[in-house]
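Undergrad: If you read the sequences in order, they're chains V, A and H. Residues 1 to 438 (the numbering used here) are what the first sequence spells out, left to right. Residues 1001 to 1297 (the numbering used here) are what the second sequence spells out, left to right. Residues 2001 to 2291 (the numbering used here) are what the third sequence spells out, left to right.
If you're looking for bench data, these hints aren't it; they were derived computationally from the structure. Treat each hint with caution, since some may be false.
Claimed, not checked - Covered stretches of chain H, going by a simulated chain V footprint (3 or more residues, C-beta under 8 Å): (1) 2038 to 2052; (2) 2126 to 2132; (3) 2147 to 2155; (4) 2238 to 2250; (5) 2257 to 2270.
Each residue gets a CB set at the ideal place from its N, CA and C atoms; glycine is no exception.
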Amino acid sequence: MQRIKKAHTLFLAFIVGAILVLGGCSSSSSDSSEESDGSKVIKFMHIWPPGSSKTQNQIVESVVEKYESDNPGVKVQVEYLENEQYKDKIKVLSSSNELPDVGVTWAAGYLKPFVEGDLIADLTDVLAKDNLKDQFVGGTTEAYAFDGKTYGLPIELNIAPVYYNKEIFEQNGLEVPTSYAEFVDVVKTLKAGGVTPIALGNKEGWTGSLWYMYLADRIGGSTLISEAIAQEVSFENPALEQAAADFKELAELGAFSKGTNGLSNDEAKVEFLNETAAMYLMGSWELPNFTTSDETTQEFKDKIGYFNFPNYESNAGEAESWIGGPGVGLFVSENSKVKDESKEFIRYFIEEWGKQSFTKAGVIPATKVDTSSLDLPQMNIDVLDDLNKAKNITLFADVQMPASAAEVHYNLLQSLVSGEITPADFTKQTEESLKSAK
Amino acid sequence: MEILDEKLNMPEAIVKKASERSLIHRIGKAALYAVLIVIALIQLFPIYWLALFSLKNNYEIFNLSPLALPQELRFENYIKVWTEGNIATYFFNSIFYTVSAVFLTILLGSMITFAITRLQWRGNKIVLGLFMLGLMIPIHSTLIPLFNTYTAIGLINHPLSLILSYTAFNMPVTIMILLGFYEALPHEIEEAAIIDGASIHQIFFRITLPMTAPVIATAAIINMIYNWNEFVFVNTFISSDELKTLTVGIQNFIGQYSTDWGAIGATLMFSIIPILIIFLILSDRIVEGIAAGSIKG
Amino acid sequence: MNRLKASKLDILIYVGPALVLLLGIVYIPILQTGYFGLMEWNGIGQKTFVGLENYFVLLQDTKFWSSAYHSLILAVASIISLVFYLAIAVILASRIKGANLLRKIYLIPMLLASVAIAQLWMKIYNPTNGMLNIFLMKIGFENPPAWLGDANLALYAIILPTIWQYAGFYILIYYAALKNVPESLVEAARIDGASSLQIATKIKLPLIMNVVKVTIVLAAVGSLKYFDLIYIMTGGGPSGSSEVMASYMYNTAFNKFDFGYGSAIGFFLLIICLVATFIIQRLTISDKDLY
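Model the full structure from these sequences, guided by the hints.
TA: Now the structure itself:
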């Protein structure tokens, strides 16, 4: 009998415990936009965990601290998730109309459904106030604009250079190519020399897309690919097909890492870092690896240079168009109960981020940076200069495309590499996916 | 010892026959052990690999062979993991959610399995069918509706949202595991208890639960592993850092453009140690339970 | 079979809590998902009722059916692997020396989180410096395959870690069931001169048949809705060659923002599991069984 009593007591204790926990929630839950003491709360979700993105996380902390001390009575509640989990959670939150007051967003294609669903606040007034717009690099806020209204403020700006290993180039008697034909020769020579010409992890798709975008840009001119993605012209265009054919040819030449379709970007990057691959096309966010990071040696850093993807024709001069664009930006939720405070918070954020992100985290902000007063590695300054004098920056395909079309685009690039489809299939199926996503 | 025991139990004729076969028997046994040991090494390899992984940096992780030692053992990964972020809090939360959910799942699962296999009532087949069907529901397709439900009843960002979800989603598999055991349990003891005037509750708590200790240990191990490593629900339902679990600690080291794999390895090592200890303890219960239990013929 | 008489209140106490949790947390959401499947919805804006259109599209969606085929292959492989696990469990449960230690070692991999297992196998399969290819090159293969990067191999390459991941789970269940076989029956058989093999196949196996049947259902259903390692290791690629039903559903709902269609896939997946379970039951469970 003793045991039954014990079991019953245990069960009872459990239920009581459950009720207590349940009851406790009403006091501890901070689900509302007002704290018990009447102060307002801004919920801010971001993608910089302290472990992997210490400096960004610290910038956030410093912005929050500054904002809270300047605005007594308003508290900022911060939640962070890593990139992919963040996107998933935003998805769930938006389906339930529970977006945070301020959050991180990506440009164009990613942002569009949120804007169409009336979940995101118009920030045009924020840009107009005190001429904030002038602080941004030209063309960056446009990627977040729909019908003349701006729904997000960019905080990052990137271009994608081809990083290359000068020593490997020298050993193979190579120079930076100035035309696509020369580029193909470089690839062939490297391959013959037993070096992987290009480190590419095409599992994630967007990595291969960088190569395709450059080819499309160089063959079809700087506006064609964007027009095709926007469906102003058909994607089934000879230039875009030629770009697919060239991408396929590169794969057939063995230009890319072995098994590229199954490699993550992290895995492929290491081939470049350990000098078994000669080139690596990636965003300028990789710069710290070649300049300031302590994960790589100075000896290695000295060997690394970069060039812009060459023009297609040999007589076209230096290429001045880049693939890149603003990375992440910030949004304010349309249904936020603290919309004004949130907009003010964004202003604080943009300003502080602009001051600190490049020097501290190596992230190029979308606001203008004065390099003359900064003590930076030469490569960082060069990239920044290139960025400022760029004639055109074509947005990353995955940023331009609607999410569903981007998924198809990635799959098709993998199929091009594995030889399952022809360049004509590629443009045809891309066109179909863009049409149906419209 | 074992062979001696066996011989003592055997009639003469069999002993003779056995000795004729003994050479083949021995070779067979040696081969069997060889195979078993190879499998054991394969099964131990992941832990060894993870330990090495946790002592490397990104470059070494992707560049060196998985079995190669790093140039220097980077214990700083562990220091980094321990000092950056709320590992201690995550740790406690993981334990709290796991223990609560396992306890609740086993108790409720045992009760309902008892009712399905032992009690007389209509509808038991339907209820069992419902639970079996529950096995088939993919977690990801319930995420958005479940989030809505928890938001509506104020359980978002609350430990109960996790404990209840773990309990509900693990209930079907728990019942499946218990079921096979309950069906094999002899009815005689219960019948005798009824004659002695015991109530249903007395039978369940005093006789059935203790008798099913081994299978409870099995089910507890499985539940524990599922809950301990779960992260989809944590990410979706929990927003404050103080309520997150160790699996979130892993995410702490995934950045926007790069990932600190060595630190992830160290977090994984931190997270596997407690579960390994509990596993070793519980796993002995699978056997002990039999010795202590009263199931005979 | 004599069942105990119990009052309605007692039944309610024993059945109620678990059933309420199941209905509230598992069933109501999945029914809502089925309902979302009737909508055209990107998960953000307005829902538009489209009736069964998503389901009709699904029936003609070749990508879905190829993912269903991949799931089926995984399910068959998982069920076949059970034989192997059962054999190991039988050996561990017999009275060989060191069984207790071996059993613990064998179960250890199941403690690992999916992210760890995925990393491990990605290192094994890496085309240039993976363990597998280094080994193959050492024994003379000049150009070993790219495994996860090869559309013809990715699915099969990924089945192996998936099956291996669950080895501990099934060995544990079989082991516990075998240990539950009354020692007296085994003793009696031994005295009658039965060999270890005979004891295992003639006495132990029939007694744990119920458990085996349950694990067949678990393996089939678990495989049909399987997601974790595939999503981490290949994301369903290259070019959809390792896409399974659950990863297709996830990609559709979360990466392509097509929540209506994703919900329809999720609900349909449930129906497929149901049919599979029905078939397995018909094949394995005889009339005299309880259910």
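Undergrad: Determine for every hint whether it applies to the structure shown.
TA: Hints and how they fare:
{"no.": "1", "hint": "2038 to 2052", "in the structure": "holds (count 5)"}
{"no.": "2", "hint": "2126 to 2132", "in the structure": "holds (count 3)"}
{"no.": "3", "hint": "2147 to 2155", "in the structure": "holds (count 6)"}
{"no.": "4", "hint": "2238 to 2250", "in the structure": "holds (count 3)"}
{"no.": "5", "hint": "2257 to 2270", "in the structure": "holds (count 3)"}
The structure agrees with every numbered hint stated previously.
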